[in-house]
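Engineer: Next come the chains, spelled out residue by residue.
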Amino acid sequence: MNSQKQFIEIFKDSFNDFYDALEKNLFQIVDIDIISKQQITEDLIEIIRGDVTALIKGDPAARRNRRTNDYSIDDEGQDKIETDDIKYVLNSYRSLNSVIMYRVAHLIYNYCDSLKSTDLDQENKDEVKLFLQAQARKLSDSTKSYTGVEIHPNAKVGKRFVIDHGYGTLIGETCEIGNDCYILQGVTLGAKGIMKNDTGRRHPKLGNKVEIAGFARVFGPISIGDETKIYGFAVIDRDIPPKREVSIVNQLQLVLPKSNPVSIYGLFPKYDGIEIIGRNLDFCSNIQLLNSEGIHVDSCPVTTYIKGDSIFLRINNIESIIEDPKIKNYILSIELKEGNVLLENSAGWIDYIKLNIEKNEK
Amino acid sequence: MNSQKQFIEIFKDSFNDFYDALEKNLFQIVDIDIISKQQITEDLIEIIRGDVTALIKGDPAARRNRRTNDYSIDDEGQDKIETDDIKYVLNSYRSLNSVIMYRVAHLIYNYCDSLKSTDLDQENKDEVKLFLQAQARKLSDSTKSYTGVEIHPNAKVGKRFVIDHGYGTLIGETCEIGNDCYILQGVTLGAKGIMKNDTGRRHPKLGNKVEIAGFARVFGPISIGDETKIYGFAVIDRDIPPKREVSIVNQLQLVLPKSNPVSIYGLFPKYDGIEIIGRNLDFCSNIQLLNSEGIHVDSCPVTTYIKGDSIFLRINNIESIIEDPKIKNYILSIELKEGNVLLENSAGWIDYIKLNIEKNEK
Amino acid sequence: MNSQKQFIEIFKDSFNDFYDALEKNLFQIVDIDIISKQQITEDLIEIIRGDVTALIKGDPAARRNRRTNDYSIDDEGQDKIETDDIKYVLNSYRSLNSVIMYRVAHLIYNYCDSLKSTDLDQENKDEVKLFLQAQARKLSDSTKSYTGVEIHPNAKVGKRFVIDHGYGTLIGETCEIGNDCYILQGVTLGAKGIMKNDTGRRHPKLGNKVEIAGFARVFGPISIGDETKIYGFAVIDRDIPPKREVSIVNQLQLVLPKSNPVSIYGLFPKYDGIEIIGRNLDFCSNIQLLNSEGIHVDSCPVTTYIKGDSIFLRINNIESIIEDPKIKNYILSIELKEGNVLLENSAGWIDYIKLNIEKNEK
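Chains as they are written, first to last, in the numbering used here: chain A, 558 to 919; chain B, 558 to 919; chain C, 558 to 919.
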C-alpha cells in the first residue's frame with residue numbers, strides 16, 4: 558500500500574510538527590479559507606510522499622522494519638513501500654525531517670509570490686512577505702537545530718529529494734536542485750568567498766539524479782549535470798557535464814608502524830622513481846626494487862640519494878620494467894640499519910606505490 | 558538606527574535565553590547587587606552588539622529584510638544597520654546564538670577572577686569558582702546542542718566575532734582569537750593529538766581579522782597573523798605570518814564518464830609528461846598531444862608506456878612547447894580501442910591538466 | 558573514589574534521561590519484574606562507568622574540576638577519578654551522552670534476542686522485536702539531535718568507548734568497534750556507495766584501542782587492527798593491520814601574501830626541481846636556488862621555463878646538492894619584476910618546499 562490517501566493518513570498520525578509549522582507560520586498570518594488550507598496541506602504532503610519514498614528506496618537501513626524482501630513493483634508499476642517503513646522513517650530520520658520542514662519553510666517563504674494581485678494590496682503584500690520570509694527563516698533555523706541540516710528556505714529543491722545522515726549539510730540561499738538528488742552529510746552547496754559575498758546568485762545549480770557524498774563542497778553559481786556523482790571531499794567550482802563521476806585522485810596515504818625512529822612527511826611518485834621526504838631517513842639502507850613476488854629486479858638498479866630530510870630514489874632503466882610483461886607491479890624494499898620495520902606499504906585507494914622497509918637480516 | 562540604547566531594547570525583546578542564562582547560572586549563585594547586575598548585563602550586550610553588527614555586515618543572506626540598499630555610513634561614521642535585520646538575525650541565526658551564549662558562558666567561567674579579594678574569602682571563592690566553571694561548561698554544552706558550535710567557555714574571543722553556518726565548528730579551551738575574525742562551519746581550532754593531550758596551552762591563537770573557511774583545521778599552540786585567510790580543508794600546525802592566504806594547492810580531481818571499462822586511480826603531472834595510474838588502461842590507445850584548439854602538436858611526440866596498472870606518458874621535446882608562444886595550453890588526447898569515451902577533462906581548481914580521451918574514428 | 562556503588566549513586570543523581578529512556582522504551586513495553594529491571598539497569602550503568610572513566614582519562618579539558626593533579630593509581634590499582642569530574646562530564650559532555658544513550662538504544666534494539674524462548678511465544682516476539690527496534694532507532698535519532706552524533710543502535714561497540722567533540726560523527730548499522738576506542742568529530746564509519754548500498758554487512762570493524770581523528774572516513778566491510786591510529790581526513794577502504802598510523806602525506810599548502818598580481822594553482826615537487834602552476838607567472842623573474850642560509854648555490858643553476866600558466870624550474874646538477882653535506886635544505890628564490898613579494902614559503906606539514914620570492918633590489 559502507498560496510495561496518496563493512505564500516505565496522508567499515516568503522515569497525519571506521525572508528523573505534528575508539520576501541521577504546527579503551517580498553522581503558526583502561515584495560516585495564522587495569511588487569511589486563507591478552510592478549503593484552500595486543506596489543498597495547500599495536501600499538495601505539500603504529496604511532495605513529501607515523494608521524498609519519503611525516495612529515502613526508503615535509497616537507504617537499506619531505512620527498510621529495517623520490512624517483513625518481506627519484496628521491494629519490487631506493485632500492480633500500478635510503483636515500488637512497494639511498507640506502511641511500517643513509512644512510520645519508521647517519519648519517526649526516526651532527522652535528515653528526512655530536515656527535508657520535510659524545508660518543504661514547509663519554502664512554501665511560507667514564497668507564499669506571497671503565489672497570491673493573485675487582488676488577494677492583498679501591494680503595501681500589505683510587501684509587509685506580509687517580509688514577515689513570512691522571516692518566519693520561514695526562523696523555522697529553517699530551528700530545523701537546523703534538531704536535524705543538523707541547514708537549507709535556506711529560498712533554495713529551490715526538486716522532487717524526491719533525499720538527505721541521508723545530513724549533519725553539517727548546508728544548502729545556500731540561491732541553490733537550485735533538480736529531481737531525485739541524494740546528498741550525504743557535511744556537504745556544502747555554498748558561495749565562493751568566506752565573508753562579504755555578492756548579493757546576486759552565488760550558489761550552485763544541480764541537475765536531476767545528482768549524488769553527492771560526504772563533505773564534498775560545491776561553490777559558486779555553477780551547474781552540475783544530470784546523473785553526475787560527486788565523491789567525498791571533492792571541491793567543485795566549475796560546471797560539470799552530465800553523467801560524470803568526480804573524485805580526488807592524488808591523495809596518498811601512508812600506513813606507518815607506530816614507534817620507529819623515522820618520520821615520513823611526503824611521498825611522491827615519479828615515472829622513474831619515487832621521492833620520500835621525512836626525518837631520520839638515514840636509518841634506511843639497502844634500498845632495492847623488487848617485483849610483486851618479492852624478487853629483486855636486477856635489470857633496474859636503484860640509485861639512492863639519502864640526505865637529511867629526503868630520499869631520492871632514481872629507478873634506472875625504468876623502460877625495461879615497463880616493457881617487461883612479467884612485471885605487473887613493483888615493490889620498493891627499504892631496509893633499516895637498526896633493523897626496525899619502518900613502513901610496510903602505502904594505503905589509500907592507490908595500489909601503485911608499495912614500499913617495504915624490512916629488517917636487514919644480513 | 559543602531560544606538561546602544563536602541564540595540565539593548567531590541568535585544569531585550571528578542572533574546573530571553575540570554576537573561577535566563579545569566580539569572581540561573583550567575584546571579585542566583587553569586588551575590589551581586591542590582592546596579593552591578595544591570596552593568597554586567599549592559600556591558601555584555603554592548604559586546605554582543607558588535608557581534609550582531611559584524612554578522613549583518615559580513616553575510617548577504619543576513620540582510621534579506623532590508624527595504625533599502627543603504628548600508629553606507631550614518632552620521633556618526635557607523636555602518637547603518639536596520640532594526641529589522643537585527644531582529645531577524647537574533648531570531649534566525651543559530652551560529653550567532655552560539656557566539657552570544659559563549660559571551661555569557663565566558664563571563665560566568667571567569668567571573669571569580671574579576672572579583673576583588675575582599676568580595677569573597679579565598680576558600681569560598683575557590684568553591685564558587687569551580688561551581689561557576691561547571692555551570693559555564695554546562696551552558697556551553699547545551700548551546701552546542703542547539704547551535705552545532707562548540708566553544709569552550711575558557712577560550713578568549715575578541716570583539717565583532719562571526720561564526721557563519723557553524724555546524725561542527727569547534728574552538729578549544731586554550732584558544733585566543735583576536736578582533737573581527739570570521740569563521741565558517743566544520744572548523745577545528747584544536748589540540749594536536751587525538752587523545753591524552755597535554756594539559757597546558759594546546760590550542761591556537763588567532764590575530765585580528767582572520768578568516769577561516771569550512772572544515773579547515775588549525776592545531777596546537779601556534780599563531781595565525783592578522784588578516785590571514787585560511788581556505789577550506791587546509792591543515793595548519795605551524796605559525797602563519799599576517800596577511801597570508803593559505804590553501805591546498807595539489808588536490809587533483811578527475812571527472813570521469815560513468816560506465817566505461819577503465820578505472821583511474823591517480824594522475825600525476827610531471828614537467829615532461831603525465832602519469833596515469835589505473836586499471837584496464839590497455840583499453841587506451843593512440844595518445845597524442847593536442848594544443849588548446851585541439852590540433853595535434855607535431856613537434857612533441859608522446860611516448861606512451863602502457864602496462865597493467867599504469868600509463869606513463871613522456872612528452873618529448875617539451876621545451877618546444879614551453880617556448881612556443883602560440884601554445885597557451887595543451888590537451889592530451891587518449892583514444893580508446895573500444896571506442897568509448899573514457900575521460901573528458903580534469904577538474905578541481907587546476908586548469909593545467911586537460912585530458913581528452915576520444916573515440917577513435919579511424 | 559570510584560567504586561561501582563558510588564558511581565551508580567552519582568549517575569542516578571545526574572542522568573535522568575537514561576532512566577526515562579529505559580522506562581519509556583523498554584520497561585513499559587516488555588514485561589520484566591522489578592529485580593530484573595534493577596539488574597539490567599545496573600549492568601548498563603557499569604558499562605557506562607567504563608565510558609565515563611575513559612573520557613576523563615583521555616581528555617584534559619574533562620578534568621578541569623580537579624583540585625589536585627593526582628591522577629595516579631589508587632590502592633586497588635585503578636586510576637583515581639574525582640567525583641566532581643564524573644558529575645562534570647555527565648552534565649557537560651554531549652559526546653558522552655551520545656555514548657550513554659547508544660548503550661541504552663543498543664540494549665533495547667537487541668533485547669528480544671536475549672530472551673529465552675519461553676519468555677514470549679514466537680509470534681509475539683517478532684512483533685515486540687520490530688517494535689523495540691523502531692523505539693531504539695527513534696531514541697538514537699533524538700540523541701543525534703542533541704549530541705550531533707549518530708550511532709545506529711544495531712552497531713556493536715566495545716567497552717570504554719570515547720567520542721570526543723563528536724559533531725557529525727556517524728557510526729553505521731553494521732559497524733563493530735572493539736574496546737578502548739577513541740573517536741573525534743566528523744568521523745564517518747560508513748558504507749562505500751552513496752545510495753543503494755547492499756543490505757548485508759557494509760560497515761567497518763575496528764579492533765581495540767583504535768584512535769580516529771576528525772573527519773576521517775572509513776568505508777565498507779573492512780577491518781582496522783588493534784592500536785591503529787587514523788589521522789584527520791584520511792580515507793580508508795581496505796584492511797589496515799594492527800599498530801599502524803595512517804595519514805595523508807602529499808597534501809601541499811601554499812601560504813601566499815594577499816594582493817599580488819600572481820595566482821598559484823599548483824605546486825609539484827620533483828627530484829630535480831619544482832613545478833609551479835598559476836596565472837601571471839611572468840611577473841616572476843630571476844629565480845635562483847639558495848641554501849638554507851639564503852646563499853646562492855652556484856653549483857646548481859636553475860633553468861626556468863615560464864609560460865602563461867606554468868613555471869617549470871629544472872634544478873640542474875641536483876646530485877651536487879644532495880651530496881653536499883653542508884646543504885641541509887634549499888630555498889628557491891623567485892623575484893618579481895614588479896618588486897612585490899609574491900610568496901614567502903610553503904606550509905602544511907611538509908618542510909621540504911621552501912619558496913622565497915623576494916623583491917628585486919637590483
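Note that these hints are calculated values from the structure, not bench results. There may be inaccurate statements among the hints.
Note: identical chains are not told apart, hence a pair may lie in one copy or across any two.
[Claimed, not checked] Keeping only pairs whose Cα atoms sit at most 25 Å apart, straight-line, the calculated PhoX-like set for lysine-lysine is:
| # | residue 1 | residue 2 |
| --- | --- | --- |
| 1 | Lys800 | Lys562 |
| 2 | Lys581 | Lys766 |
| 3 | Lys749 | Lys766 |
| 4 | Lys581 | Lys569 |
Engineer: Given a CA cutoff of 25 Å, do lysine 749 and lysine 766 count as a within-copy pair, a between-copy pair, both, or neither?
Structural biologist: both (24 Å within a copy, 18 Å between copies)
Engineer: Is it within, between, both or neither when you check lysine 800 against lysine 562 at 25 Å Cα-Cα?
Structural biologist: neither (36 Å within a copy, 57 Å between copies)
Engineer: Is it within a copy, between copies, both, or neither that the alpha carbon of lysine 581 lies no farther than 25 Å from that of lysine 569?
Structural biologist: both (17 Å within a copy, 23 Å between copies)
Engineer: Regarding lysine 581 and lysine 766, is the shortest C-alpha distance of 25 Å or less found within a copy, between copies, in both, or in neither?
Structural biologist: neither (34 Å within a copy, 40 Å between copies)
In terms of the numbered hints stated before, the structure departs from hints 1, 2, listed from lowest to highest.
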